[in-house]
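J.: Top line first, the protein sequences correspond to chains A, B and C.
Just so it is clear: in the first sequence, position 136 is 136 by the numbering used here, and no numbers are missing.
Just so it is clear: in the second sequence, position 92 is 92 by the numbering used here, and no numbers are missing.
Just so it is clear: in the third sequence, position 125 is 125 by the numbering used here, and no numbers are missing.
A hint or two may mislead.
Here are some chain B residues pointing at chain C (derived, C-beta under 10 Å) [claimed, not checked]:
#, residue
1, K4
2, L10
3, K15
4, E19
5, I21
6, I23
7, F53
8, P59
9, D64
10, S67
11, V102
12, G109
13, D112
14, E117
15, I137
Note that these hints are calculated values from the structure, not bench results.
We put the beta carbon where it would ideally sit given N, CA and C, even for glycine.
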Amino acid sequence: MKMKHATKYLEFCTKSRREFINITSEVEKAVRDSGIKEGICLVNAMHITSSVFINDEEPGLKRDFMSWLDKVAPEDSGYLHHQTGEDNADAHLKRTVMGREVVIAVTGGKLDFGPWEQVFYGDFDGQRRKRVLVKVIGE
Amino acid sequence: MKMKHATKYLEFCTKSRREFINITSEVEKAVRDSGIKEGICLVNAMHITSSVFINDEEPGLKRDFMSWLDKVAPEDSGYLHHQTGEDNADAHLKRTVMGREVVIAVTGGKLDFGPWEQVFYGDFDGQRRKRVLVKVIGE
Amino acid sequence: MKMKHATKYLEFCTKSRREFINITSEVEKAVRDSGIKEGICLVNAMHITSSVFINDEEPGLKRDFMSWLDKVAPEDSGYLHHQTGEDNADAHLKRTVMGREVVIAVTGGKLDFGPWEQVFYGDFDGQRRKRVLVKVIGE
């Protein structure tokens, strides 16, 4: 069988500085449009203060994630990165905790997910246009 | 050369709520059974309170990981997620720290590992059946 | 189109125990040498106290990352792992936070990166030879 590939860029501009957006249906559409039945799907943030991750679509839990990230990687005026004029060092750290990318199996033309898996885009320094890359390879 | 693919689901039911299981030999077998010589192998938890990660098979270190996770992402009655009746918010956070998936190179028909790399399944809300997906693509 | 693959091992020996090395150009070269135009590129540490991750080439931020890791996963004499004679349990934890691997899309023969994405090798128990694997598959 021949190898196929498809590349798609999703654009987001969050309303708040920190926000999680469920992008499962966009990723599903990219896989469907690719025509690929068996392979893998890479979904990654193209910006270094943003994440793509998989977890649960539950509003309370999403707020728990945000509060927890603020404890693990707090805002602080003392970061050396801020001497460059930036104010978003904590966003770099938060994105590191949540991850840059996910790799998802494609089986029978669909994302091969467990019962609760949902794909999220997370921005920790948002309110501007950012991109997520979806690359599907397989056959 | 033609692209090949193989998909396998591993099932686990941990004895304790939190447990690490070394799954290296199961992943090696899935690669061997696939007949794929060059490519990549995705191994991911299909549940959002479980992890797949790579580290060292050393009992002390595995206990260090568990203690550390309890500090970084502690059990707490105050999580908003618990208002839904759940009690496992910390398990979602712990799994995030440890990661959902690993992607391993397959070279010469084998997992292309460094000297100490071992694949683990980690469950943080276990004692029930959960699945791990192994997807191998290549040729 | 036919599937191609390429495998390359990069070697590093850091000057300090903890160090970040920008390896973007080495990874770019591996992709160029592979002749692969569309696919994915896996870059992973082959050692369990080292990381490969993507972030920003900014010296202050890199020092912020190191200080932050020392808070999240501190050096401590009390780790059980140290009863084996090792002294690097914190390095295992730090590598877990930063991640073992990245998967990068290859589009038009190049790493398909956003504006600030750079690939780093991070060693948390360095000053000895360690390897990073680069595997490119695609066509």
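J.: Taking 10 Å as the limit, does the beta-carbon of G109 (chain B) come near enough to a beta-carbon in chain C?
T.: violated (13 Å)
J.: Is the interface hint for I21 (chain B) satisfied, with its Cβ closer than 10 Å to some Cβ of chain C?
T.: Violated - the Cβ of I21 (chain B) stays beyond 10 Å from chain C, reaching only about 17 Å at its closest.
J.: Should the interface hint for I23 (chain B) be scored as holding, given a Cβ-Cβ cut-off of 10 Å against chain C?
T.: Nearest chain C Cβ about 16 Å off; hint violated.
J.: Quick check on the hint: D112 (chain B) CB to chain C CB, less than 10 Å?
T.: holds (6 Å)
J.: Do the numbers back the hint for D64 (chain B), that is, is its least Cβ distance to chain C under 10 Å?
T.: At about 5 Å, which falls below the 10 Å cut-off, the nearest Cβ of chain C leaves the hint on D64 (chain B) intact, so it holds.
J.: Should the hint that E19 (chain B) touches chain C count as held when the rule is a Cβ pair under 10 Å?
T.: violated (16 Å)
J.: Holds or violated: is the Cβ of I137 (chain B) closer than 10 Å to a Cβ in chain C?
T.: holds (8 Å)
J.: Taking the least C-beta to C-beta distance, is E117 (chain B) closer than 10 Å to chain C?
T.: holds (6 Å)
J.: Was the hint right that K15 (chain B) lines chain C, CB cutoff 10 Å?
T.: Violated, about 20 Å.
J.: Against chain C, is P59 (chain B) within 10 Å by beta-carbon distance?
T.: holds (8 Å)
J.: Closer than 10 Å between Cβ atoms is the bar; does K4 (chain B) clear it against chain C? Give me holds or violated.
T.: holds (9 Å)
J.: For the hint on V102 (chain B), does the least C-beta distance to chain C fall short of 10 Å?
T.: holds (7 Å)
Checked against the numbered hints above, the structure violates hints 2, 3, 4, 5, 6 and 12; every other hint is satisfied.
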